[in-house]
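Asks: Below are the chains, spelled out letter by letter.
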Amino acid sequence: MNMPFYVAPEQMMKDRADYARKGIARGRALVAVQYVDGILLVAENTSNTLRKISEIYDRIAFAGVGKYNEFDQLRRFGVRNADVKGYAYSRDDVEARGLANDYAQILGQTFTHELKPLEVEILVAEVGVAQADDQLFHILYDGTLVDEKGTSVLGGDADAIAGRLTSTWSADDALAAALPKAVAALAGPERTLSADDLEVAVLSRSNGRRCFQRLDHGVVASIVGGTNVPPKSAQGR
Amino acid sequence: MKVPLFASDDDPGSDFSALLRRVGLDPFQAPAGPAANLAPHATTVLAVRFADGVVMAGDRRATMGNRISNREMEKVVPADRHSGVAISGTAGVAMDMIKLFQLQLEHYEKLDGRPISLEGKANQLSQMVRANLGAAMQGLVVVPIFAGYDSLRSTGRLWDFDITGGRYEEREFVATGSGGGPASTVLKVGYRLGLASDEAIELACRALWEAAEVDSATGGPDALRGIYPVVATITADGWQRITDDVLATVFTAIADGQRARGSAS
Numbered sequence: 001m002n003m004p005f006y007v008a009p010e011q012m013m014k015d016r017a018d019y020a021r022k023g024i025a026r027g028r029a030l031v032a033v034q035y036v037d038g039i040l041l042v043a044e045n046t047s048n049t050l051r052k053i054s055e056i057y058d059r060i061a062f063a064g065v066g067k068y069n070e071f072d073q074l075r076r077f078g079v080r081n082a083d084v085k086g087y088a089y090s091r092d093d094v095e096a097r098g099l100a101n102d103y104a105q106i107l108g109q110t111f112t113h114e115l116k117p118l119e120v121e122i123l124v125a126e127v128g129v130a131q132a133d134d135q136l137f138h139i140l141y142d143g144t145l146v147d148e149k150g151t152s153v154l155g156g157d158a159d160a161i162a163g164r165l166t167s168t169w170s171a172d173d174a175l176a177a178a179l180p181k182a183v184a185a186l187a188g189p190e191r192t193l194s195a196d197d198l199e200v201a202v203l204s205r206s207n208g209r210r211c212f213q214r215l216d217h218g219v220v221a222s223i224v225g226g227t228n229v230p231p232k233s234a235q236g237r
Numbered sequence: 001m002k003v004p005l006f007a008s009d010d011d012p013g014s015d016f017s018a019l020l021r022r023v024g025l026d027p028f029q030a031p032a033g034p035a036a037n038l039a040p041h042a043t044t045v046l047a048v049r050f051a052d053g054v055v056m057a058g059d060r061r062a063t064m065g066n067r068i069s070n071r072e073m074e075k076v077v078p079a080d081r082h083s084g085v086a087i088s089g090t091a092g093v094a095m096d097m098i099k100l101f102q103l104q105l106e107h108y109e110k111l112d113g114r115p116i117s118l119e120g121k122a123n124q125l126s127q128m129v130r131a132n133l134g135a136a137m138q139g140l141v142v143v144p145i146f147a148g149y150d151s152l153r154s155t156g157r158l159w160d161f162d163i164t165g166g167r168y169e170e171r172e173f174v175a176t177g178s179g180g181g182p183a184s185t186v187l188k189v190g191y192r193l194g195l196a197s198d199e200a201i202e203l204a205c206r207a208l209w210e211a212a213e214v215d216s217a218t219g220g221p222d223a224l225r226g227i228y229p230v231v232a233t234i235t236a237d238g239w240q241r242i243t244d245d246v247l248a249t250v251f252t253a254i255a256d257g258q259r260a261r262g263s264a265s
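Chains A and B are the protein sequences, given in the same order. Read in order, the letters of the first sequence correspond to residues 1 to 237 in the working numbering. Read in order, the letters of the second sequence correspond to residues 1 to 265 in the working numbering.
Everything labelled a hint here was simulated from the structure, so no lab data went into it. Among the clues, some could well be false.
Claimed, not checked - Listed next, the in silico DMTMM-like pairs over lysine to aspartate or glutamate satisfying Cα-Cα at most 20 Å (straight line):
(1) 188/B to 213/B
(2) 85/A to 58/A
(3) 85/A to 96/B
(4) 2/B to 92/A
(5) 188/B to 215/B
(6) 85/A to 109/B
(7) 99/B to 92/A
(8) 2/B to 95/A
(9) 2/B to 102/A
(10) 99/B to 80/B
(11) 22/A to 10/A
(12) 99/B to 58/A
(13) 67/A to 112/B
(14) 188/B to 198/B
(15) 85/A to 26/B
(16) 99/B to 93/A
(17) 2/B to 93/A
(18) 85/A to 15/B
(19) 188/B to 170/B
(20) 85/A to 11/B
Said to hold, decoys possible - Just the calculated beta-carbon pair ranges, DEER-fashion:
(21) 13/A to 30/B: 47 to 57 Å
(22) 176/A to 197/B: 27 to 37 Å
(23) 68/B to 129/A: 35 to 45 Å
(24) 206/A to 152/B: 25 to 35 Å
(25) 120/B to 188/A: 36 to 46 Å
(26) 197/B to 129/A: 32 to 42 Å
(27) 105/A to 172/B: 53 to 63 Å
(28) 196/B to 150/A: 49 to 59 Å
(29) 214/A to 68/B: 39 to 49 Å
(30) 6/B to 150/A: 29 to 39 Å
(31) 243/B to 101/A: 41 to 51 Å
(32) 249/B to 167/A: 55 to 65 Å
The model shown is predicted, which means the values in this text are computed figures rather than measured ones. Yeah, the Cβ is synthetic: ideal placement off N, Cα and C, and Gly gets one too.
Could you put the whole structure together from the sequences, leaning on the hints where they help?
Replies: Below, the structure written as structure tokens:
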């Protein structure tokens with residue numbers, strides 16, 4: 001009979017956390033900020049088809065960083081859950097808090113029980129009727145659920161980006177003011193990001209029933225400036 | 001009613017109906033016995049192609065036998081930004097089908113990241129009507145019209161259906177429901193290629209007016225309560241419902257015309 005080697009639980013959890021953190025840190029970052037008309041989501045993403053930011057429901061958006069196939073599976077789970085709930089009950093009964101809890105459960109379960117933790121960090125954002133009702137739920141690879149106020153940063157180098165972002169961000173900014181600040185925070189002092197490097201979407205209160213809207217490269221370029229270099233090769237991270 | 005995290009070899013894909021069945025919410029269950037005349041009926045709906053797209057219209061009455069069960073039912077609704085669906089038949093089943101159809105289009109768009117083609121949407125609706133055949137055989141018949149603006153071909157297109165899910169694309173116009181016969185005749189007489197938007201709206205209103213004249217299950221404009229038929233255009237700019245003020249003017253003109261002819265028939 002084979003006897004497994006003894007590994008202290010602390011060591012096992014630490015190894016898993018390190019593994020997940022390394023995977024996430026390899027990917028490019030993403031920021032979400034409140035602005036006057038809702039929530040702005042900006043990701044550094046050279047792919048125009050493999051999305052990091054998506055619509056979940058009327059007022060809810062999803063954003064993920066890390067391993068694409070893993071957070072995309074979580075995104076699909078979210079769309080399905082929201083649509084089934086809205087069908088069985090009412091559109092008003094679909095809310096971000098419940099979904100964020102489900103995600104926290106899934107990530108937590110996978111972290112402790114599966115061979116490999118999910119190498120993802122996700123955000124569930126809900127735009128409220130008034131700005132005070134906006135919600136940003138940030139969920140970490142181990143299922144830790146954080147209810148964030150105003151801004152949220154996911155992915156590699158998050159602390160530095162968050163530092164830059166909070167020094168400039170204001171909830172009263174219009175979109176044209178909020179977007180350049182978010183992009184500058186993502187880029188840092190040594191780089192500039194053009195529209196082609198970015199994936200941008202908003203959850204806008206004034207957008208009718210479906211608040212989610214993508215801003216295409218042309219619109220983004222007109223706000224932050226940027227060249228129309230041919231798209232670079234798409235990558236999954 | 002809990003949605004699981006599906007394994008990749010067991011994933012229901014973008015099909016919302018399939019997802020509902022997987023979580024135990026089968027939307028199409030046939031009744032155990034005959035169910036005709038147990039539930040309210042929705043009646044006349046129509047669609048007309050014009051130069052920039054299509055006009056859809058439907059009266060507001062629901063009947064149960066010879067009783068008016070609802071005066072302001074909306075049988076013509078947007079399916080998404082560039083298409084609409086109109087329903088005649090058993091009201092409850094029809095409304096659930098519309099809701100499911102709208103959700104299916106949105107669900108697909110969200111999961112796949114792009115909308116279904118117009119032809120694909122018509123096909124989806126056809127499959128839903130077919131799935132309802134068991135209930136239709138017991139008397140719960142639903143017959144929709146589907147119309148929309150095809151962005152790939154830059155034109156309005158419209159389809160009608162039979163209870164088996166048969167799907168027929170029409171080139172000019174279509175009307176269905178209990179007042180569908182007289183409405184079709186009016187549309188046929190008044191139709192010509194390349195109608196302008198206001199002409200098509202006027203023609204649709206006239207068809208509903210004549211249907212309401214001869215069919216007791218079709219409601220005419222109700223100036224007393226301010227209830228007018230639902231009339232909407234779908235063009236490259238999307239779905240736009242015509243306001244009651246505009247419709248009031250159109251129907252007043254139709255009534256004046258009839259009065260001028262000195263005829264009450």
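Asks: For every hint, state whether the structure bears it out.
Replies: Tested hints:
1. 188/B to 213/B: holds, 17 Å
2. 85/A to 58/A: This hinted pair holds, its Cα atoms lying about 13 Å apart.
3. 85/A to 96/B: Between residue 85/A and residue 96/B the Cα gap is close to 15 Å, so the pair holds against 20 Å.
4. 2/B to 92/A: It holds: about 18 Å lies between the C-alpha atoms, which stays within 20 Å.
5. 188/B to 215/B: holds, 18 Å
6. 85/A to 109/B: Distance ~18 Å between residue 85/A and residue 109/B Cα, so the pair holds.
7. 99/B to 92/A: holds, 15 Å
8. 2/B to 95/A: holds, 15 Å
9. 2/B to 102/A: holds, 11 Å
10. 99/B to 80/B: The given pair, whose Cα atoms are some 11 Å apart, holds under the 20 Å limit.
11. 22/A to 10/A: holds, 18 Å
12. 99/B to 58/A: Judged against 20 Å, a Cα distance of about 15 Å means the pair holds.
13. 67/A to 112/B: Holds - the C-alpha atoms of residue 112/B and residue 67/A are around 19 Å apart, at most 20 Å.
14. 188/B to 198/B: Between residue 188/B and residue 198/B the Cα gap is close to 17 Å, so the pair holds against 20 Å.
15. 85/A to 26/B: Holds, because 14 Å separates the two Cα atoms, which is no more than 20 Å.
16. 99/B to 93/A: Judged against 20 Å, a Cα distance of about 16 Å means the pair holds.
17. 2/B to 93/A: With Cα atoms ~15 Å apart, residue 2/B and residue 93/A stay inside 20 Å; holds.
18. 85/A to 15/B: holds, 16 Å
19. 188/B to 170/B: holds, 13 Å
20. 85/A to 11/B: At roughly 18 Å apart (the allowed maximum being 20 Å), residue 11/B and residue 85/A satisfy the hint.
21. 13/A to 30/B: 47 to 57 Å: holds, 53 Å
22. 176/A to 197/B: 27 to 37 Å: holds, 35 Å
23. 68/B to 129/A: 35 to 45 Å: holds, 37 Å
24. 206/A to 152/B: 25 to 35 Å: holds, 30 Å
25. 120/B to 188/A: 36 to 46 Å: Cβ of residue 120/B to Cβ of residue 188/A: about 44 Å, so the range 36 to 46 Å holds.
26. 197/B to 129/A: 32 to 42 Å: holds, 35 Å
27. 105/A to 172/B: 53 to 63 Å: For residue 105/A and residue 172/B the Cβ distance comes to about 55 Å; the hint holds.
28. 196/B to 150/A: 49 to 59 Å: holds, 51 Å
29. 214/A to 68/B: 39 to 49 Å: holds, 46 Å
30. 6/B to 150/A: 29 to 39 Å: holds, 35 Å
31. 243/B to 101/A: 41 to 51 Å: Hint holds: Cβ distance 43 Å, inside 41 to 51 Å.
32. 249/B to 167/A: 55 to 65 Å: holds, 59 Å
Comparing the model with each earlier hint shows no violations; every hint is respected.
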